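Given next are the chains, with one letter for each unit.
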Amino acid sequence: MSDAQPKRLTDIGPPHYQKFLPPIIKENYGKWKYHEILKPGVMVHYSETGAKLFTVRAGSPRLLSTKKIRIYADLADKYCDGHLRFTSRHNVEFLLTKEENIEPLIADLEALGHPVGGTGNAISSLVHTQGWIHCHSAATDASGIVKAVMDELLPYFKTIDLPAKIRVALACCLNMCGAVHCSDIAILGIHRRPPRIDKENLPKMCEIPNLIASCPTAAIRPSQYQGKPSVEIDEDKCMFCANCYTVCPALPLNNPLNDGVSIWVGGKVSNARHEPMFSKLAIPFLPNNPPRWPEVTNAVKHIVELWLKNAKKHERIGEWIERIGWPKFFRLADIPFQKEHIDDFKHAGLSYKRSVHLTYM
Amino acid sequence: MPVEKKYETPLLDQLETGEWPSFVKEIKAAAENNAMANDLLGLLEQSYREKIGHWKHGGIVGVMGYGGGVIGRYTDLPDKYPAISHFHTMRVNQPAGWFYTSEALRTLCDIWDAHGSGLTNMHGSTGDIIFLGTRTEELENVFSKLTAAGFDLGGSGSDVRTPSCCCGKARCEWACYDTMGLTYYITNRYQDELHRPAFPYKMKFKMSGCPNDCVASVARADISIIGTWRDEIQVNQEEVRNYAKSGLDITKEIAMLCPGKCIEWDGNEIQIDNSNCRHCMHCINLMPKALAPGKDRGAAILVGSKAPIVEGALLSSVLVPFIKLEEPYDDLEIWEVIENMWDIWCEEGKNRERIGEFIQRVGLGNFLDAIGLEPQPEMVAFPRDNPYVFYEEYFEEEEDQ
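Protein sequence lines, in the order shown, are assigned to chains W and B. Mapping of the first sequence onto the numbering used here: position 167 corresponds to residue 167, and the numbering continues sequentially without gaps. Mapping of the second sequence onto the numbering used here: position 2 corresponds to residue 2, and the numbering continues sequentially without gaps.
No lab work stands behind these hints, which were simulated from the structure alone. Small disclaimer: the values here were computed from a predicted structure and weren't measured. Check before you lean on any hint, since a few could be wrong.
Over the 10 Å line for every Cβ pair with chain W, so calculated as not near, a few chain B residues [unchecked claim]:
no.	residue
1	TYR7
2	GLU50
3	PRO78
4	LYS80
5	ASP231
6	GLU264
7	LYS295
8	PRO328
9	ASP331
10	TYR388
11	TYR394
12	GLU397
If you only want the chain W side, here are some residues facing chain B, beta carbon under 10 Å, derived [to be verified]:
no.	residue
13	ILE69
14	GLY82
15	GLN130
16	LYS309
17	ASN310
The beta carbon of each residue, even a glycine, is placed where N, CA and C say it ideally should be.
Build out the structure end to end from the sequences listed, making use of the hints.
Now the structure itself:
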């Protein structure tokens, strides 16, 4: 009895956030009065106590080695008494009380290859998923496209002068672990061929009733294969959502020739001015072309530049398109409008134009 | 321990150039002394060559007593890349608001260098610290070191997913309630639901301090708690004039863009008809020094958002138009509403049916009946425009006495 193992800890929950807050935040918690953006990536928050907290925000690839995290920790020790945080879009933020530390910190971050920016009317880092680095259902890679796109859009990260903010996100399949469906521009990996049935393994790996129930269009029917229960797929009904594959590993959809990327535009999450909106389909298919996906990066850049040229101040992409109308967006963007753009799922009818509020110029 | 370079990666190497920080450099940095990261480079290069992923469907792996927090992952090329034959993800519950000390980060790095790939995501989409890739036999080692350091695993599968929030009152003047405090409370209140999947599908909480919704709760959470206020916007007219002097066109950029058309500017003072304010934040966003949310602060609670799988994407919709969210959190009535929602969803929901889809299927009216909430006009964008009403009340002829 004397050599009892230490009690196994479970269900302790996360550490209390107060353990990690810098003293200035503990002292001014709930007392912040207003803030200013001093320049791209640098903010100052003023408290009613007179305290000032400076924030320096830097871009990150999200996928970080422990080596890089240790470098972040060293920078936090050097400039911020060991305090830093991360944002909901994977940026890293250093929290400073000494204004004179801002420029040396920025110099260190830029030398490290982590650009400072992403605040205010700018593009912020891309929310994205795992892609080929870790996911079984990815129709494209995530980190590679994000890197290629951000290399192109970097000037818009290091500014605060865009018409409004712009949020770009990427999900490598329709599961949308990144929930990209309310982004100014969403890059979405897609499959375009029905699942292949691994008939040998299906009965061993999958519960057939569950599998049949998983299909939103009822395209999967029970059948027999060599006397054993199996399924067959009505391919005309398949919309390549991969929900069946999620419940049954014996139905892979991956197809190097046909997997690729679609581009969606005009979504937003914030309530500012216009209510939150879903992103809408702009480009149904672009090929997977690693390592830099030029078709995808060009398309995203093209849409961003079109918005910059045409939007009024404070109009996000969706607000701009709503003002000019979708037909004009397709004309301006020179994107062919085709059958795939017309919804045919559950609430399709609500998306048909039901007035003659149309533009012809 | 140094690891010898095993693979040429001509395609990935092209992602080391350019000014945005490179994930390839991160993997290569880890690969210098980690065999898993080294094999990951080889496998990823092969994926880039073949345009296809090389990961198999996860199996059920985890730590003892938990059903969530670990995503099982195996490569389909284990002979070629033996170091990543297992490459499981561990989700570590982040501190609310993603604040860290350098010491805490180093502790996490020490654990992961000893037992995993040396690769992370800071952070995953739901908000967790992601430990990217380890072997089954290492899971308990990581877990025991994490708990000894005060960290615990987050959610995965059909459970309460790791709640997350904006930085709230820690560094934002617009926080209408204590997002970090409430997130910490919810995460602890629902530890069992978080670690032991027992729902039809996942259940996400996201806490945003104001209608700017920096954690995208309206799009990404089954339960979206979005800060707001119900009295007057606080105005400092002198600062309004200063914004005007500095070049802000208050009529054009603020009044004309106000969705409630409730702002007027006469060149000297701004007038706000607060009864028609929709709490969109636009005017406050543009003049943070002059305007602030009111003093009677709380939150609206919305329910049901999700990504497309299975029946299409949804935004959350209003369930509680306004609620005060002050301590003691134990005494809030909202927990009963949430737990009633879970009861009916667990009872009647289909496998892999998110609560938003469940509400769509049974109808919001029936759902409200089931959880004991009264219908309110704030819950709909507009009342029904079709006459197919399931009337439940009607008169009957009185029988002759």
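Here is what the structure says about each hint:
no. : hint   : verdict
1   : TYR7   : holds (15 Å)
2   : GLU50  : violated (6 Å)
3   : PRO78  : holds (14 Å)
4   : LYS80  : holds (15 Å)
5   : ASP231 : holds (17 Å)
6   : GLU264 : holds (17 Å)
7   : LYS295 : holds (12 Å)
8   : PRO328 : holds (16 Å)
9   : ASP331 : holds (20 Å)
10  : TYR388 : holds (16 Å)
11  : TYR394 : holds (31 Å)
12  : GLU397 : holds (41 Å)
13  : ILE69  : holds (5 Å)
14  : GLY82  : holds (4 Å)
15  : GLN130 : holds (8 Å)
16  : LYS309 : violated (19 Å)
17  : ASN310 : violated (17 Å)
Against the hints set out earlier in the document, violations occur for numbers 2, 16 and 17.
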